[in-house]
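Peer 1: Respectively, the protein sequence lines represent chains S and R.
Using this note's numbering, read the first sequence as starting at 1 and increasing by one per residue.
Using this note's numbering, read the second sequence as starting at 1 and increasing by one per residue.
Simulated crosslink set (BS3-like; lysine-lysine; CA at most 30 angstroms straight-line):
1. S/Lys17 / R/Lys97
2. R/Lys64 / S/Lys26
3. S/Lys248 / R/Lys24
4. S/Lys360 / S/Lys253
5. S/Lys368 / R/Lys24
6. R/Lys64 / S/Lys17
For the chain R half of the interface with chain S, some residues (derived, Cβ under 10 angstroms), not all of them:
7. Lys5
8. Asp18
9. Trp26
10. Ile37
11. Ala40
12. Pro46
13. Gly57
14. Trp85
Simulated from the structure, these hints should not be mistaken for lab results.
Yeah, the Cβ is synthetic: ideal placement off N, Cα and C, and Gly gets one too.
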Amino acid sequence: MALHPDQKLDVSKILEKLEEYRPRRKGWTWRVPLPPGSKVGDYSYREISQPLQNSVPLPPAKYFNHIDPQPQEVITAEIASGRFEDDIRRMRMAAWHGADHIMVIRTLGQSHFDGLIEGSPEGVGGIPITRKEIRATRKALDLVEDEVGRPINFHSYVSGIAGPEVAVLFAEEGVNGAHQDPQYNVLYRGINPIRSFVDAAVAKHLMASVNMLQIDGAHNANASSRVAWKVMPELLVQHAINCVYSTKAGLPKELIALSTVPPMTAPAPEFRLNFVYALTVRELFQGFRFRAQMNTRYIESDLLDATRIHVLDTLLSRLTSADIQSTITPDEGRNVPWHVNSIRGVETAKHTLLALDGMKEFVEPNEKALRGAMRDMKIRAILYMQDILDNGGYFEAVHQGFFVDSGFFPERVGDGIARDKDGELGAGTVVPRESDYMAPVCHHFGENHLPDGLEKPCDLIGGCTLDHPEKIQYLDELDETDNVEVRMQPHREKMASGLFRPEVEWQNDGFIQLDMTIPDNPDVAEAAALEIASRMGLEEPTVISKTVLHPAEGTYVEVKARVPFFIRRDELKIPEKPDVLDEASVRQFVGNRPIKVVAGTLGNDEHSVGMREILDIKHGGIEKFGMKYVYLGTSVPVEKMIDAAIETGADAILSSMIITHNEVHLKGMRQLDQLCREKGIRDKVLLICGGTQINNDMATENGMDAGFGRGTHGIDVASFIVKALQQRQRNS
Amino acid sequence: MDEKKVQQRRSELEALSDQQLNEKFWELAERIVDPLINLAHTHTSPSIERSVLLRMGFNSLQAKVLVDKIFERGLLGKGAGHIVWRISKETSLPVVKAGLELIEGRHWDEVDRVFKGVH
Chain S
1 MALHPDQKLD
11 VSKILEKLEE
21 YRPRRKGWTW
31 RVPLPPGSKV
41 GDYSYREISQ
51 PLQNSVPLPP
61 AKYFNHIDPQ
71 PQEVITAEIA
81 SGRFEDDIRR
91 MRMAAWHGAD
101 HIMVIRTLGQ
111 SHFDGLIEGS
121 PEGVGGIPIT
131 RKEIRATRKA
141 LDLVEDEVGR
151 PINFHSYVSG
161 IAGPEVAVLF
171 AEEGVNGAHQ
181 DPQYNVLYRG
191 INPIRSFVDA
201 AVAKHLMASV
211 NMLQIDGAHN
221 ANASSRVAWK
231 VMPELLVQHA
241 INCVYSTKAG
251 LPKELIALST
261 VPPMTAPAPE
271 FRLNFVYALT
281 VRELFQGFRF
291 RAQMNTRYIE
301 SDLLDATRIH
311 VLDTLLSRLT
321 SADIQSTITP
331 DEGRNVPWHV
341 NSIRGVETAK
351 HTLLALDGMK
361 EFVEPNEKAL
371 RGAMRDMKIR
381 AILYMQDILD
391 NGGYFEAVHQ
401 GFFVDSGFFP
411 ERVGDGIARD
421 KDGELGAGTV
431 VPRESDYMAP
441 VCHHFGENHL
451 PDGLEKPCDL
461 IGGCTLDHPE
471 KIQYLDELDE
481 TDNVEVRMQP
491 HREKMASGLF
501 RPEVEWQNDG
511 FIQLDMTIPD
521 NPDVAEAAAL
531 EIASRMGLEE
541 PTVISKTVLH
551 PAEGTYVEVK
561 ARVPFFIRRD
571 ELKIPEKPDV
581 LDEASVRQFV
591 GNRPIKVVAG
601 TLGNDEHSVG
611 MREILDIKHG
621 GIEKFGMKYV
631 YLGTSVPVEK
641 MIDAAIETGA
651 DAILSSMIIT
661 HNEVHLKGMR
671 QLDQLCREKG
681 IRDKVLLICG
691 GTQINNDMAT
701 ENGMDAGFGR
711 GTHGIDVASF
721 IVKALQQRQR
731 NS
Chain R
1 MDEKKVQQRR
11 SELEALSDQQ
21 LNEKFWELAE
31 RIVDPLINLA
41 HTHTSPSIER
51 SVLLRMGFNS
61 LQAKVLVDKI
71 FERGLLGKGA
81 GHIVWRISKE
91 TSLPVVKAGL
101 ELIEGRHWDE
111 VDRVFKGVH
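Pulled out of the complex, with its shape left as it was, chain S reads as follows (with noise of 0.2 angstroms):
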């Protein structure tokens, strides 16, 4: 089974013997860095890594030959639909826009289910983590990585009360990468104490035994403290705690990434709080990898408000560095996970990478400045780990409420979240290991007592899952009404009936989102949207964000809402594209009969990027068809195209229009139309015209012989000339 661009992914191929299924490969994978100076088109990169096969290059990229550099940093996408057969679909788009870590959420309360959970039942905010899902997920993935020609990080969460079940599962099942933190569970899952750390130094253990990438939890204490930044000192002291029990319990260094964010965004002075964190833990815990998470504590719903944020966060990455750049999109704050903003989050930190590639050789950080501020961080860390030595250990301090206490340590203001040792979910459930303890199998942390003589624990039981995978009891479904046959029944009968509707979360689940500006306070726009959409047909019309453009003056409002029909895909009419000739039939013609054109923006419009695409020999333009032209500049005037093209004895007049308002384009046509037939040329000189709101039709009825809107190529426009003059030479 292979994946082909122009076709779907089939969820119900990949569902197909998916108890015969193994993992290709095991343990985590970096992009492969190419060296310094390597060149993508006409461009030398110092930080990017080994291209993709296929991929969607950014918006700009047509500008420079669509290339697609791919910076050295993995790229996370974060996937929660809660179900699994649409995240599936949803990670093969993101890998096209270089997402190489996928990162699985689990469904709200899985951390509190003491067991593993089977089968596929939907889940909310993320899915059930199974076996199923699980393998059903890596399979595509096997499939998106080849399609794509990178490898692919799977990852999702070794937490909660049944950490060490989920590490084996994931150990067994090819997942490249997990979350790990004890402190996650004790301080926000309100899971025992003891039972977590038990817990996490097996996990632990078996995730090094399949070379598992463990990110840490410590940014939580950001997201979660009243005042961010004010627990800076605590973010350094809670790495550490997870980074010194993860060595301990067997995961060498490189494969221990530390979740760090920028704890602070404007209006505050971000910068100089954001840049001395980021120096100082990145030189405290050197050897370590690190995944640099976007900011999320202050976003609320507007999407460019993330995006800046989050352009800034990966420029301290660049300045710093990161061996991950995670991407989070504001969804929660917009009700659904729309999809097609993760893509935009992949985006954004391709885009920022790319165009930073390389600043560390002409800037670099200002020591003597920094480094008082970076001591004191280092300081205020060490003095907060006295404390706790002084108060009895980690589990007193924990009691204590010492934790995400939102005092700039050593200033506590007693909002910390406290844990009882002796309480919580899970207590009382860890025994000590007798003198007698044995467990046979391999990687198993911890004392073990196992009969002398073997040359491998599991050897006692001939051999265990993680050496021997057909020993893996593979469980298909428990629920007979919850489960991803039942989900996907009725959209094979729609699908086989060529019906769909738009989607946001899950298939045909009919969702859109519309945009306005209302002319009013926030009120009344608010009432007036809702009013709007439902006078137009949707259901369900929900704001998901609103911005005051001025307290009376207007408000712009996002809608989301769902489409109450279906639409048939066969009784769509799509536009046929124009018949092009090839490159060489071009050329031919061009040989035996010499093209010259005339070219320009018209009017006032200075917009000349997409000219100069269609005209130069370097991006594909005529010339490279032998086609000569000769270039007026931007904003000429329409006399002044006429007459060039008179004097120059051209075929065709080739004018860019950007400028659209007042309809000024149409106005554009017509004078070169009407002027050309005054002076007695139009049959001689061909008028094209091109521009990102021009299409053929509104070119031809304003007079004009073509038009060429968004995506056009120099080709199309040589391909049409010479057809032109081909029928030309057919009439005379």
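Mind docking chain R on chain S? Use the hints.
Peer 2: Positioned in the frame of chain S, the structure of chain R alone reads:
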């Protein structure tokens, strides 16, 4: 921490070089973590024991029942995998088969005899 102690410790730390500060940081982290990792070395939990049974070839439902039964009998500290392995030896059954029979309620007298010294 009282103000005086903070001031005193601060001045001690400020006298350290950058390298010494980093070393101090990691030394304290180790001192905090050592008792935690020792606890993990010498203790086990239901989830840990289920993870052992999974590795031995049991599915999650079977592992759960077995560990619950072993926990109730106060034998988790012997190791769930140990008990199942031992019963498979005693009964000459394959490991998973032995576990399934334990789930059915069989061989628990044997478990008590071997692991609790009950005859």
